[in-house]
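*Asks:* Next come the chains, spelled out residue by residue.
There are 4 protein chains.
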Amino acid sequence: MNANETKLAFASDYMEGAHPAILRRLMETNMMKTPGYGADGFSESARRKIREACQAPSAEIHFLVGGTQTNATVIDALLRSWQGVVAASTGHIATHEAGAIEFGGHKVLALPQENGKITASSVLACVEAYRRDENRDHTVMPGMVYISQPTEYGTLYSLSELTALSDVCRAYHIPLFVDGARLAYALACPANDVTLPDLARLCDVFYIGGTKCGALFGEAVVFPKPDTAPHFFTVVKQHGALLAKGRIAGIQFETLFTDHLYEQLGKNAVAAADRIRAALLEKGYQLALDAPTNQIFVLLDPAQLANLSAKIEMGFWENTPDGKTIMRIATSWATQPEDVNRLIACL
Amino acid sequence: MNANETKLAFASDYMEGAHPAILRRLMETNMMKTPGYGADGFSESARRKIREACQAPSAEIHFLVGGTQTNATVIDALLRSWQGVVAASTGHIATHEAGAIEFGGHKVLALPQENGKITASSVLACVEAYRRDENRDHTVMPGMVYISQPTEYGTLYSLSELTALSDVCRAYHIPLFVDGARLAYALACPANDVTLPDLARLCDVFYIGGTKCGALFGEAVVFPKPDTAPHFFTVVKQHGALLAKGRIAGIQFETLFTDHLYEQLGKNAVAAADRIRAALLEKGYQLALDAPTNQIFVLLDPAQLANLSAKIEMGFWENTPDGKTIMRIATSWATQPEDVNRLIACL
Amino acid sequence: MNANETKLAFASDYMEGAHPAILRRLMETNMMKTPGYGADGFSESARRKIREACQAPSAEIHFLVGGTQTNATVIDALLRSWQGVVAASTGHIATHEAGAIEFGGHKVLALPQENGKITASSVLACVEAYRRDENRDHTVMPGMVYISQPTEYGTLYSLSELTALSDVCRAYHIPLFVDGARLAYALACPANDVTLPDLARLCDVFYIGGTKCGALFGEAVVFPKPDTAPHFFTVVKQHGALLAKGRIAGIQFETLFTDHLYEQLGKNAVAAADRIRAALLEKGYQLALDAPTNQIFVLLDPAQLANLSAKIEMGFWENTPDGKTIMRIATSWATQPEDVNRLIACL
Amino acid sequence: MNANETKLAFASDYMEGAHPAILRRLMETNMMKTPGYGADGFSESARRKIREACQAPSAEIHFLVGGTQTNATVIDALLRSWQGVVAASTGHIATHEAGAIEFGGHKVLALPQENGKITASSVLACVEAYRRDENRDHTVMPGMVYISQPTEYGTLYSLSELTALSDVCRAYHIPLFVDGARLAYALACPANDVTLPDLARLCDVFYIGGTKCGALFGEAVVFPKPDTAPHFFTVVKQHGALLAKGRIAGIQFETLFTDHLYEQLGKNAVAAADRIRAALLEKGYQLALDAPTNQIFVLLDPAQLANLSAKIEMGFWENTPDGKTIMRIATSWATQPEDVNRLIACL
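If you're matching them up, the sequences are chains A, B, C and D in order. Residue numbers are given in numbering that gives the first Met the number 0: position 79 of the first sequence equals residue 78, and the series is strictly consecutive. Residue numbers are given in numbering that gives the first Met the number 0: position 244 of the second sequence equals residue 243, and the series is strictly consecutive. Residue numbers are given in numbering that gives the first Met the number 0: position 80 of the third sequence equals residue 79, and the series is strictly consecutive. Residue numbers are given in numbering that gives the first Met the number 0: position 22 of the fourth sequence equals residue 21, and the series is strictly consecutive.
Worth double-checking, as some hints may not be accurate.
If chains are identical, the list can't say which one is meant, so a pair holds when it fits in one copy or spans any two.
Unchecked claim - Here are the simulated lysine-lysine pairs, DSBU-like style, with alpha carbons at most 35 angstroms apart: (1) K6 <-> K282; (2) K48 <-> K6; (3) K282 <-> K323; (4) K282 <-> K224; (5) K48 <-> K310; (6) K224 <-> K323; (7) K48 <-> K282; (8) K48 <-> K266; (9) K224 <-> K310; (10) K323 <-> K48; (11) K48 <-> K224; (12) K224 <-> K266; (13) K266 <-> K6; (14) K323 <-> K6; (15) K282 <-> K266.
Everything labelled a hint here was simulated from the structure, so no lab data went into it.
With the hints as constraints, model all of the structure from the sequences given.
*Replies:* Below, the structure written as structure tokens:
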């Protein structure tokens, strides 16, 4: 089916269908009849399991379809018209969402980043600069903070970093939103010390990514406190993000949160990435940055690029001013050990 | 899983998962690796099959997730900022999309309807009124025409009606857009004389509904002429409507357009609806309108409503001024003959 | 300067510059230095005078430039994204604002009207229909009510009608917004029983029109209760509606609210319109509707139209199905008695 | 009228009313009757004079009210939904318009700047980076380029810089838009070599600022080629930017473009600014940057700030990391030589 089928496929973490347990469960439940729009029992059961995993018994949970959609919908639901969303200049909403946030009427207030991360102090500086600006009423108010865990560069916020960000946000009554499109690969990472209950405690809203973490599609938006975003159901509908057959998302998340599947599948990906990282370093390749999750950003000179590209399907990331190229190697829940072996043999 | 499980479930046509052939195919292909965002071979194969079914060899085809999303994205892609979309006052975009069209900046120019349909002459009158209005530059220009086939009331445009609408639209260079969320149930209807090739010939864009016609989700947008909507891929992304695992939609539509499955599953629904309609009339129930597809709108007095509601899960439609209630009974590809028998026995 | 200068000019109420007292005051104050954006003393003085005239000592008042702009800004400031604005189907926002409300993301929920007016009972029915609709979360919530005083057809809401509307709005916590683009001509009308203090008491926001009532431009938005619309200054800026030289609007409204000028200039217009109405009826012309303010809508057959159009510049309103034309004759603060005489002589 | 009236007022260039010639002309023409919305003879005459001054005989010209409004309207009229506007990170649209561009659905693509200016090579790099990005369909396309002449920092693009920018834009079919809110102060500057005909030749659209250059308000948008922005009148209306009494803007621009008034009044401001700049340097003050037009950005330590602020009303610009403050001193067409003398005496 695929022109590149003879290459080793490491271009992204969404190249397969779904974890087999999800497909099995879709099969088993297929002919049951349920009401639409998330009012079904599967979705309700998934919500219960997620609340439990997050230790957030009153959390309000909605299932959306994809990441850009979820970001645009959540941000639009929480911002007022005169506010913008603070994000790393490399944040997904600032770069790779085709202007979806601006389409909703809001400015992305980009902050300098390091390895894809912003700091509590830079957020504090941004908010304080706004408050001290005598012309602030002519500018966009920082109205929420968006971060990704893991970031677009595969790096992680530590618990202390996240706590510091949360503290600043709470001090200024600014919601903190965590994009967890790849959250399984953070949770599974040995270097990670931020748990789901931590996220529920420290954020105003976050989502648990399904699309890139074993589901056919789907993102579970968690508002630890109910009614954080009034009329969110209608906002979701208005954004075209409401599934008629909401159960299809519900069944997937119910499965992911049964028997710790979500954590398990993250571990496979991170273990594979760790093996590849070690091999790259051993063979003298240069990593563009040090990231511990399922994404590896390797800096290749033209010869290396030509050589590896012939054998391995990687993701293009960016060209550097000195003529090199940053390519992304991504593992996933579906990565097979033998493919990792073959990749390492190519290096 | 469902509080209403002991009732007969006829509330909507999206209460089950997907046609078993679709789930089987998802299983078979699950671990194959493909590129994302619709660039996979399954999606390409689905496009080929749809082009063939539509006799539209150069059609441009995109797979989106749901109906409101598809309407909002297509309309936003084709309208300029000073234009609005002409629709029946009962059109889905005018009533049940939570303002998704206005969220995109566009006015819905509602026309009077009969049984959910608008006429070529009313569109002509609307366009001519605009052109003759000396103050037209202070008003919203009719910039496209939206109809649904079947309509929200289950009725059908005949080929001559559709041709007349198309003629008016072409005379004024206004795109004609057909919402086919339930298209399978139109195509399968004995009373229908509008084929897929007719739609491709007469419309500028239409979509083939999957969500309500046997798929887990998905709508196939068909532009019979390529580049009708420039940069449509990016517009889809901006609307949060781009699937990372585009193959999941592609596989579903490939299956639906293999061995005439899409037409077959429509026939089951219409046959079931025909049996119910006949029984309702025989038992003296009053239909709110005469519709030949898979939706039945029955007008119930309070006693009838109480009686039937106790046994049958129906969809609430509207209260009438004289104290009656219009309820919707919907059949689908999944409706079982024995459930139809039981429903008829309740009447 | 004007191709039609030999015709009698009755096409609109914005054909001259400003009341001479305004120009004089602009002259006198021209070289004084003030801060921008409405923080000047003239604007502050105008606000004080308007608060006094409205008997609303804590009212928050902003000066904007034009009517469409004011409607779009106020409506956007008060609605949340999931809400729409209820208005007469003939309301300015529903017809002649080129989709400015939809550009801001909101649907106009049009109600049937009579002589340009909606009723408390129709608003109540609309709100109750929303609340009782089981699918309401898929629809646009009625989030505010917009009326015009006088209406686009020159008619007036009586105090009892306005009170009834206000009662419904308050019962449901829905803001009531009165577009007073021609408010001077309502206030000056013998048939009127709604005063500025009534408006301040019964509405959540209204504006006092300047553009059509003697100013070069300008509309004074009055929120009887401060902070009704949070960050309104920034919303005004975002809508491009903030004047750098805010004083120019302030000086005009200060003048209009000194020595009862605003009421006086309305009286001239209404007296002139009354004379014309009486003459039209006496000569056997048919009025399209009975309106007591400065606008006269006359229904002309083709011969009458040809005859009058040759001598009098009127405003085109609409063609009727039976081949007649509704034309508008408008008087203003600037209408001269001799021009009224000449017009009457033409009839 | 003004709490600061005893201070020397140099905070901005919009502290007075209008040039006396404008007020005189408004007086003379006040009671003439003209049609609305810019269809009057004064506006037509102003358009003729501007076309002549720009040596652009077929230019399409519209009069809007203010700068933010004009930027938002022009940008929205020229961009398609998938495009953003390239601007200096210090550009007015990127900083001080309260998100008006994003409210219209578009992203500002901020480029690094030097002294408020961007370069042809940085625009080229931005456009080429987009074209070479394999993921470009997931990003915002650079759809137009926005610069200010003079910039927000009072600096000027030279003819060769502007030509280079224009060349890049034309090579890539990207419109070039010049914000001329303070254009009079560029045209009047001895250091300037960019004329109105140059702007008309090199740009796709620009505007001639009135608000900050001697008018009560008003910006003249010039499209050198007609129909550059289709249905621009309606877009203006939709943005709430259409004046009912369009003549008020027309009369002002007719006056500004009679007997070279627009250039003359710029000269007064620049001459005053030159005297102040020389005195500041002579007294040992540090300028934040070297700008030749009517705005002076002076870097003050806390003692200097306290001293000068007690006597001179300046505009706050920004705090620097090292504890100093950048204040703006602005002159205008209305600046009196004796006030300049007094300011210099305070230094």
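*Asks:* With identical chains, the pair K224 and K323 could be close in the same copy or across copies; at 35 angstroms between alpha carbons, which is it: within, between, both, or neither?
*Replies:* Cα proximity of K224 and K323: none, with 47 angstroms in one copy and 41 angstroms across.
*Asks:* Up to 35 angstroms between alpha-carbons, please classify K266 paired with K6: within, between, both or neither.
*Replies:* Within one copy, since 24 angstroms is at most 35 angstroms while 44 angstroms is not.
*Asks:* For the identical chains here, do K48 and K266 meet the 35 angstroms Cα criterion within one copy, between copies, both, or neither?
*Replies:* So K48 and K266 pass the 35 angstroms test inside one copy only (20 angstroms; across, 39 angstroms).
*Asks:* Since the copies are identical, ignore which copy is meant and state whether K48 and K310 lie within 35 angstroms (CA to CA) inside a copy, between copies, both or neither.
*Replies:* between (42 angstroms within a copy, 32 angstroms between copies)
*Asks:* Have a look at K224 and K310 and pick one of within, between, both or neither, based on CA distance no larger than 35 angstroms.
*Replies:* Result: close neither inside a copy nor across copies, 49 angstroms intra and 38 angstroms inter.
*Asks:* For the identical chains here, do K323 and K48 meet the 35 angstroms Cα criterion within one copy, between copies, both, or neither?
*Replies:* The answer is neither: 46 angstroms in one copy and 42 angstroms across copies each exceed 35 angstroms.
*Asks:* When Cα atoms must be at most 35 angstroms apart, do K282 and K224 count as within-copy, between-copy, both, or neither?
*Replies:* neither (49 angstroms within a copy, 51 angstroms between copies)
*Asks:* First find the shortest C-alpha distance between K48 and K282 inside one copy, then the shortest across copies, and answer within, between, both or neither for a cut-off of 35 angstroms.
*Replies:* neither (44 angstroms within a copy, 47 angstroms between copies)
*Asks:* 35 angstroms Cα cut-off: does K48 pair with K224 within a copy, between copies, both or neither?
*Replies:* The answer is within: 16 angstroms in one copy meets 35 angstroms, while 46 angstroms across copies does not.
*Asks:* Between K282 and K323, at a C-alpha cutoff of 35 angstroms, which is it: within one copy, between copies, both, or neither?
*Replies:* within (18 angstroms within a copy, 51 angstroms between copies)
*Asks:* How would you label the pair K6, K282 (within, between, both, or neither) given a Cα cut-off of 35 angstroms?
*Replies:* within (20 angstroms within a copy, 66 angstroms between copies)
*Asks:* First find the shortest C-alpha distance between K224 and K266 inside one copy, then the shortest across copies, and answer within, between, both or neither for a cut-off of 35 angstroms.
*Replies:* within (29 angstroms within a copy, 47 angstroms between copies)
The structure does not agree with the numbered hints 4, 6, 7, 9 and 10 stated previously, though it agrees with the rest.
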